[in-house]
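Listed below are the residues making up each chain.
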Amino acid sequence: MMMQDDKVIVCEKLTKRFGDFIATNEISFEVHKGEIFGFLGANGAGKTTAMRMLCGLSSPSSGKATIAGYDVYTQTEQIKKNIGYMSQKFSLYENLTVRENIEFFGGIYGLSDQKIKSKTEELLQVLGLKSEANKLVASLPLGWKQKLSFSVAVLHEPKIVFLDEPTGGVDPVTRRQFWDLIYEASDRGITVFVTTHYMDEAEYCNRISIMVDGKMEVLDTPANLKNRFHVRSMDEVFYQLARGAKRGD
Amino acid sequence: MKQFLAFVTKEFYHVLRDQRTLLILFGMPVAQILIFGFALTNEVKDSEILVVDYAKDNASQELLTKIGSSRYFKIRQAALNHKEILSTFRQGKIKAVVVFPVNFNEDLLHHNKAQIQVIADATDVNTANMITNYLSSIIMDYQNQVNKTLKMPYRITPEVRMLYNPQLKGAHGFVPGVMALVLMLVSVMMTAISIVREKETGTMEILLVSPFKPVLVIFAKAFPYLALSLVNVVAILLLSVFVLDLPVKGSVPLLFAESTLFIITCLALGIFISIKTETQQIAMLISLMGMLLPTMMFSGFLFPIENMPVPLQIISNIVPSKWFYIIVKSIMIKGLGISMLWKETLILLGMTVFLLMVSLKSFKIRLQ
Chain E
1 MMMQDDKVIV CEKLTKRFGD FIATNEISFE VHKGEIFGFL GANGAGKTTA
51 MRMLCGLSSP SSGKATIAGY DVYTQTEQIK KNIGYMSQKF SLYENLTVRE
101 NIEFFGGIYG LSDQKIKSKT EELLQVLGLK SEANKLVASL PLGWKQKLSF
151 SVAVLHEPKI VFLDEPTGGV DPVTRRQFWD LIYEASDRGI TVFVTTHYMD
201 EAEYCNRISI MVDGKMEVLD TPANLKNRFH VRSMDEVFYQ LARGAKRGD
Chain Z
250 MKQFLAFVTK EFYHVLRDQR TLLILFGMPV AQILIFGFAL TNEVKDSEIL
300 VVDYAKDNAS QELLTKIGSS RYFKIRQAAL NHKEILSTFR QGKIKAVVVF
350 PVNFNEDLLH HNKAQIQVIA DATDVNTANM ITNYLSSIIM DYQNQVNKTL
400 KMPYRITPEV RMLYNPQLKG AHGFVPGVMA LVLMLVSVMM TAISIVREKE
450 TGTMEILLVS PFKPVLVIFA KAFPYLALSL VNVVAILLLS VFVLDLPVKG
500 SVPLLFAEST LFIITCLALG IFISIKTETQ QIAMLISLMG MLLPTMMFSG
550 FLFPIENMPV PLQIISNIVP SKWFYIIVKS IMIKGLGISM LWKETLILLG
600 MTVFLLMVSL KSFKIRLQ
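Residue numbers (my numbering), protein chains in the order written: chain E, 1 to 249; chain Z, 250 to 617.
None of these hints come from the bench; they were simulated from the model.
No residue lacks a Cβ here, since even glycine has one placed at the ideal position from N, Cα and C.
Heads up, none of these hints are tricks.
List time: in silico DSSO-like cross-link candidates among lysine-lysine, alpha-carbon distance up to 27 Å:
hint: 1; chain 1: Z; residue 1: Lys-613; chain 2: E; residue 2: Lys-13
hint: 2; chain 1: E; residue 1: Lys-81; chain 2: Z; residue 2: Lys-462
hint: 3; chain 1: E; residue 1: Lys-159; chain 2: E; residue 2: Lys-117
hint: 4; chain 1: Z; residue 1: Lys-448; chain 2: E; residue 2: Lys-81
hint: 5; chain 1: Z; residue 1: Lys-462; chain 2: E; residue 2: Lys-64
hint: 6; chain 1: Z; residue 1: Lys-610; chain 2: E; residue 2: Lys-81
hint: 7; chain 1: Z; residue 1: Lys-251; chain 2: E; residue 2: Lys-117
hint: 8; chain 1: E; residue 1: Lys-145; chain 2: Z; residue 2: Lys-448
hint: 9; chain 1: Z; residue 1: Lys-251; chain 2: Z; residue 2: Lys-613
hint: 10; chain 1: Z; residue 1: Lys-462; chain 2: E; residue 2: Lys-159
hint: 11; chain 1: Z; residue 1: Lys-251; chain 2: E; residue 2: Lys-81
Ranges between beta-carbon positions, derived for each pair:
hint: 12; chain 1: E; residue 1: Gly-19; chain 2: Z; residue 2: Lys-462; range: 25 to 35 Å
hint: 13; chain 1: Z; residue 1: Gly-451; chain 2: E; residue 2: Asp-180; range: 16 to 26 Å
hint: 14; chain 1: E; residue 1: Glu-26; chain 2: Z; residue 2: Lys-613; range: 23 to 33 Å
hint: 15; chain 1: E; residue 1: Asp-113; chain 2: Z; residue 2: Met-557; range: 51 to 61 Å
hint: 16; chain 1: E; residue 1: His-32; chain 2: Z; residue 2: Thr-528; range: 36 to 46 Å
hint: 17; chain 1: E; residue 1: Gln-177; chain 2: Z; residue 2: Val-501; range: 55 to 65 Å
hint: 18; chain 1: E; residue 1: Lys-64; chain 2: Z; residue 2: Gly-451; range: 21 to 31 Å
Computed list of chain Z residues with no C-beta within reach of chain E, every gap over 10 Å:
hint: 19; residue: Val-279
hint: 20; residue: Asp-302
hint: 21; residue: Arg-320
hint: 22; residue: Phe-338
hint: 23; residue: Ala-484
hint: 24; residue: Asn-556
hint: 25; residue: Leu-585
hint: 26; residue: Ile-587
hint: 27; residue: Met-589
hint: 28; residue: Glu-593
Could you put together the complete structure from these sequences and hints?
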């Protein structure tokens, strides 16, 4: 019974077709509260499409899915209130200051002025951005922008945060720091759903799934997957699976 | 509502921090009004003309003073022969030459007719026409004055009155034109670019994933440009009243209401363009080619629509600025009220509703 309550994402044969093309083909999986769920796949494997359906941005062609207990067909408004999102493109406004960005996103998520104020101070403290608060985001280094971007995505304490290749273009050290933030969020009970092309990041996830040609080929913990394929790194697991893919860029 | 406010605040930050945007927003109307008002004038003011007076009698002197006292001409006098006249034309300093023959007064008195030669530089056809027209009318005027003392059985003199614009000021036509142009540019181009920019930078996705309603995203993006466009209307009107001496004859509130309607038409167009395009460059090109050019060509502001071939006249009807131009001209210059302008207003309103519906519809389709 306990297990039942703690599922925050439930997908059953979720499918999206664009004409004859099946972008996402009957994927089924469950994600639990506080879990860090890695969503892997080569370019064109159908990750983005699947993620868009889960975020309520696009409606599925068939299958079932609930996010935080809300249906992806009918309750997209409720879903949007309960999720955070950070995209592969950098998702803050470059010509607003750090503080203005935080205030803006707090504002459109409907937080109260007091809440925004206290959250802003807390965030600046945690990220060590106090002295940069009134600087334009454009002037920050990429690693900081991404950390800020993540913090903004979880500003309204969503149940789930979707991260679409969040660490593109930064060095491994910065990436590691970024993952510290993810672990903290996960400790607070926020479920993290992350897509990535970096296999060192895949190792950080609790469980990972790998999509090939629109289908979810495997879903397990990184350790189990490595055992199953008799290899030492996630890199090799991914390569063995993705090699068979017919679709690509 | 609080969410909407947060969004609008953010939009204003964007606009106020981008110097290029600010320059287009506020520099352009001022520059256009000043350029059209003072540089690109099609009036003939203080044209230099050369008078060659071989007569030097009463009549020629009287006529000369008459010409000189009009504000159109500056007179230089010199006694030159035909060849010398041609060479002064070549120097390009003078626009026309008036030659009084010897015995001008004598001929008038004894033969009841005399000739004056007017030679104009027709490299610029319009100016040449205008100068000769002005000169002939001054000469006619003088002739009538002289004729009063004579007996002549029938005489018909047309009394021309230039209605609404007695001084034939060029500003009357172009202030409404500039208004249509500037509002088009600000509302269509800026709105389209600002929405497409969010698509390009990826922030649009973030907004669509947020609980903020997609339709509200569009409205919140358009709203600041509505406000800024209204500021532009105020700026243009102030410039036209205080710098160009062109008062608003009709009702100012009506003018603002009509302007708001036109701005919304433009915003709807801008939103439509932004939904259909993916990059800022393309959005800008379409706005410029698709909106600005037709506004210049078909609003009646630079080229009279009545003189166009019929197919073009028909096309001009679908250009919103044409109707707005008619409305503004009628309110500002003729002082007409809504009772005379309901037809144009209704057409503009229809276009606005149509465009808004089309853009919102295509926006929803995109979301799928």
